[in-house]
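Here the structure of chain A is known, so what remains is to put chains B and C in place on it, guided by the hints.
Chains as they are written, first to last, in the numbering used here: chain A, 51 to 359; chain B, 837 to 1133; chain C, 33 to 283.
Because the hints were derived from the structure by calculation, they are not lab data.
We put the beta carbon where it would ideally sit given N, CA and C, even for glycine.
There could be a bad hint or two in this list.
As the list claims (entries may be wrong) - Derived EDC-like pairs (lysine to aspartate or glutamate); straight-line CA-CA distance at most 20 Å:
| # | chain 1 | residue 1 | chain 2 | residue 2 |
| --- | --- | --- | --- | --- |
| 1 | C | Lys177 | C | Glu150 |
| 2 | C | Lys153 | B | Glu995 |
| 3 | C | Lys177 | B | Asp1119 |
Stated by the list, open to error - Computed footprint of chain C on chain B, listed as stretches where at least three residues anywhere in the stretch have a Cβ under 8 Å from a Cβ of chain C:
| # | region |
| --- | --- |
| 4 | 987 to 999 |
| 5 | 1076 to 1085 |
What the hints assert, rightly or not - Ranges of calculated distance between the beta carbons of each label pair, as one might list FRET restraints:
| # | chain 1 | residue 1 | chain 2 | residue 2 | range |
| --- | --- | --- | --- | --- | --- |
| 6 | A | Asp150 | C | Lys58 | 39 to 49 Å |
| 7 | A | Asp150 | B | Ile947 | 54 to 64 Å |
| 8 | A | Leu338 | C | Asp45 | 23 to 33 Å |
| 9 | B | Gly1104 | A | Thr222 | 31 to 41 Å |
| 10 | A | Phe64 | B | Arg964 | 29 to 39 Å |
| 11 | C | Lys153 | B | Lys1127 | 13 to 23 Å |
| 12 | A | Phe64 | B | Ser906 | 37 to 47 Å |
| 13 | C | Asn140 | B | Gly1104 | 47 to 57 Å |
| 14 | A | Gly188 | B | Arg964 | 30 to 40 Å |
| 15 | C | Lys153 | B | Ile910 | 35 to 45 Å |
| 16 | C | Ala253 | B | Ser906 | 49 to 59 Å |
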Amino acid sequence: MAIERELFAKMVDFVQNCIDGIMIGAAYGLLAIGFTIIFGVMRRLNLSFGPSIMLGAFFGTWAFLTLNAAPWMVLAITIAGTVITGIYVERLCFWAIRRDATIASMVSSFAIWMQLDEVAILMLPGRTYPFPEMFVSGGLNFGPFFVRAEHLVTLLVTILMVVGIRLLLYRTTFGLALRAVSESSDAAKYMGINPSRITFLAFILVSLIGGVAGYLLLATDQQVTPYFGLWVTFKGLIAMMLGGMGSIPGAIIGGLVLGIIETQTQWYLGNAFKDMSAYVVLFLALVLRPGGLLGQGIAERQDLAFRRV
Amino acid sequence: MSDYVVSVVSNMGMIAFIALSAYILLVIGEISFGQQAYFGIGAYISGVLTAMWGWPLWLAMVLGCAVAGSAALIIGSLTLRLSGIYFAIATLSFAEMIRLGLLSVHVQVEIDGELVGPEGAEGFGDIRWIFENDVTPFEFMTVIYVLLVGVLTILFWVERSRLGTVIRMVGSDPLLAQAQGIDVVFYRLLATVFAGIIAGLGGSLYAHFATYIEPNVFNVMLGVHSLAYGLIGGLGTAVGPLIGVGLDIGFLEGVRVFQGYRMIAFGGLVAVLLIFMPRGILDEERVHRIKRWLERS
Amino acid sequence: MLSLEAICKRFGDVEVLSGISIEIEKGDTVGLVGPNGSGKTALINVVTGMHGADAGRVVYGGRDITGLGSHQISRSGIARTFQNLRLFPRMTVLENVDAAHNGLPGYNLYQLIFGDREVDKNHRQKSEWALEQVGLANERDRLAKTLPLPQLRRLEIARILARDPKLVFLDEPAGGMTQAETEAMAMLIADRVTPGRTSIVVEHKMSLIARVCRRVCVLNAGILIADEKPDVVFNLPQVIEAYLGRRIVNA
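Pulled out of the complex, with its shape left as it was, chain A reads as follows (with noise of 0.2 Å):
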């Protein structure tokens, strides 16, 4: 009875990580689905996207520490400071370069990384500020299994967001349009289509999913850093290449699975793997897979693969 009991106890463990897993995970989902859509669409890699959803956050957090802004305002804030922080980006580092200066593109992302970094420490210096919580907290429990009601809230808009992307990729002419410029670029001016307004718009886009996606992370985690940025971008970027690139499903299930190692991880081996094993496991997904769990057709991989970022 007592091994049965253990027993329990450890599988009760291993599926409350994979619960928490998936909610860190769906979160992670959504910051991947932002990479691979600005992948797709321009074949140049934006290291800016997560510094840009810090400094929204912190024009969040700046509204709530001295403007004493409600949580929705909070909300509102950051989105719209994502927007603008990434058309800012879109403009100088991909506008303005030319199509086929990829690595071009991806530096000066990474320049204007270091401008977003002093802009939010001039604005609040210091290194940690907190995050006002979410409209709800507490949790619920179901059986042994316990889930916060921030994760739970995570989870739902991921859902919701996930589905209206679909809709939006296959239901609107934007979506078609979206699509045609990431199969191909110069087909899809042929057929009439602005590529760079595609961007634009694509870069608004991303930017709202990356917006929302901050707040959750944030609202959840109740502080933000200057190195928010960092650690989005990296997060994202693994979570899109575990899943495969240019695919919306691979990049949730990308984030699904990074969220579970790193959780299973934490509780198992302790802290100090918890990154290390994410870090592994993309590294061998990529020497061994290199089109990702959910990758494209070979064809299309091959093509991906070859081209220069």
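Same frame as chain A, now just chains B and C:
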């Protein structure tokens, strides 16, 4: 020279090594987010050898470079099939694995009643070789620059040689290079290993200059910075990365009046520069024009 | 000289080459034609080692070269041009031609690094000679990416002449050219490339094929449907059918 100037100039010299290392990979056509790993490997290996085992500096540096080069060979072989963003993220993962791994390395020995050695996140202090051997910072700076000039000489030599052309062929169009009889895999590995050795050399100098290192020095930011230096300076010549380093560290330290707004100014400057010069200041075309102008006059 | 034995190649579910067998004599000039997507470029890619074959053998000079890397095949004396032009855009015209020597078996790593005055000089002269042959001697110091298309195609020819291979594949050497430019290219090929070499020419412009080739192989949907003299081949019913009523310019 004041101590401050010596330390800034030394820093530029040491960062130049890792910038050159990132530049070599850019020339071979790949983006690496992970050159800081070889820098860190060089620093830790040579630091352990001098501080814990009492090896002479030069031998420790040779071994540091050798280990960094071997690591580059292994990672290079594993990532041969990858390119573009896949290669970039694979190198990033490797570098983070090294950094996080170093965070949990605790190996210390007692020397003169004190514990010396890597102590995880606490860092690795007391790499006292320059104190024990009465080397002044100025002298050490000279050593850094002699080695840098040595590396540059090799790079210039290679760039003028047919090997340099081969490397540029592989970087520009690996398929075409292969179709012309170039063993792309071999040259890619050759460049990767050389880049690893150069980064390791910079790292082993850094450990002994700073006398204290910690894993978080070798984070992604160091790697992305060196990549940026390589591109800003220009992909046409090995002088390029030096210009990038000079611009960033030299310029930024020079204009301290901008304190607090430095990165806003500098980030904007770089972004605007890249709009007009997407392959850097001294790109292949400008280098070509300069060469022709030199030949004529 | 070159014999292809039942070459098969598939991409995913599509079989682009289904059992192609061709025997090519030393010194012959063979045209390879067929509608778009019939497998001409795929065949060149398989022979030059850029794609592996799924079945079949490539025997060159008595040696089985199937499955070798494209650099090894290139070193055994086979060269090619590309349908959609491959050059090093940021190198000068002369450097582009000279670069072609670097992959020759004559160079080892030591020579590449430290140079070999005799060999280098020899190659340099050959490069300049090749540029003269194709009429690009005056453009030698321009960056390759600044040249117009017909001259880029000539540069690819110069690259081949400089290396002096025994077997040459030309993939649409007159692609995107006007009538006059095509004729000039046909002349260049007939005068400089094909003499003393074995050549295989892929081209849609039949005037060029008729001008330089003594034999024409027709591919359709991955199958060899004809192998005849140029004046016979375009009157064969299966060839006319393959082109589906498309008018064939017969020179």
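How the hints compare with the structure:
1. C:Lys177 x C:Glu150: violated (30 Å)
2. C:Lys153 x B:Glu995: Holds: C:Lys153 and B:Glu995 sit about 18 Å apart, inside 20 Å.
3. C:Lys177 x B:Asp1119: Measuring from Cα to Cα gives roughly 14 Å; hence the hint holds.
4. 987 to 999: Holds: 5 residues of the region 987 to 999 of chain B have a Cβ under 8 Å from chain C.
5. 1076 to 1085: This one is violated; 0 residues, fewer than the three required, reach chain C with a Cβ under 8 Å.
6. A:Asp150 x C:Lys58: 39 to 49 Å: Taking Cβ atoms as reference, A:Asp150 and C:Lys58 lie about 43 Å apart, which means the hint holds.
7. A:Asp150 x B:Ile947: 54 to 64 Å: holds (56 Å)
8. A:Leu338 x C:Asp45: 23 to 33 Å: holds (25 Å)
9. B:Gly1104 x A:Thr222: 31 to 41 Å: The hint (31 to 41 Å, Cβ to Cβ) holds, given that B:Gly1104 and A:Thr222 are roughly 36 Å apart.
10. A:Phe64 x B:Arg964: 29 to 39 Å: Given about 49 Å between the Cβ atoms, the range is violated.
11. C:Lys153 x B:Lys1127: 13 to 23 Å: holds (20 Å)
12. A:Phe64 x B:Ser906: 37 to 47 Å: Given range 37 to 47 Å: holds, Cβ gap about 39 Å.
13. C:Asn140 x B:Gly1104: 47 to 57 Å: With a Cβ separation near 49 Å, C:Asn140 and B:Gly1104 satisfy 47 to 57 Å, so the hint holds.
14. A:Gly188 x B:Arg964: 30 to 40 Å: Because 55 Å falls outside the window, the suggested range is violated.
15. C:Lys153 x B:Ile910: 35 to 45 Å: Given range 35 to 45 Å: holds, Cβ gap about 40 Å.
16. C:Ala253 x B:Ser906: 49 to 59 Å: Given about 51 Å between the Cβ atoms, the range holds.
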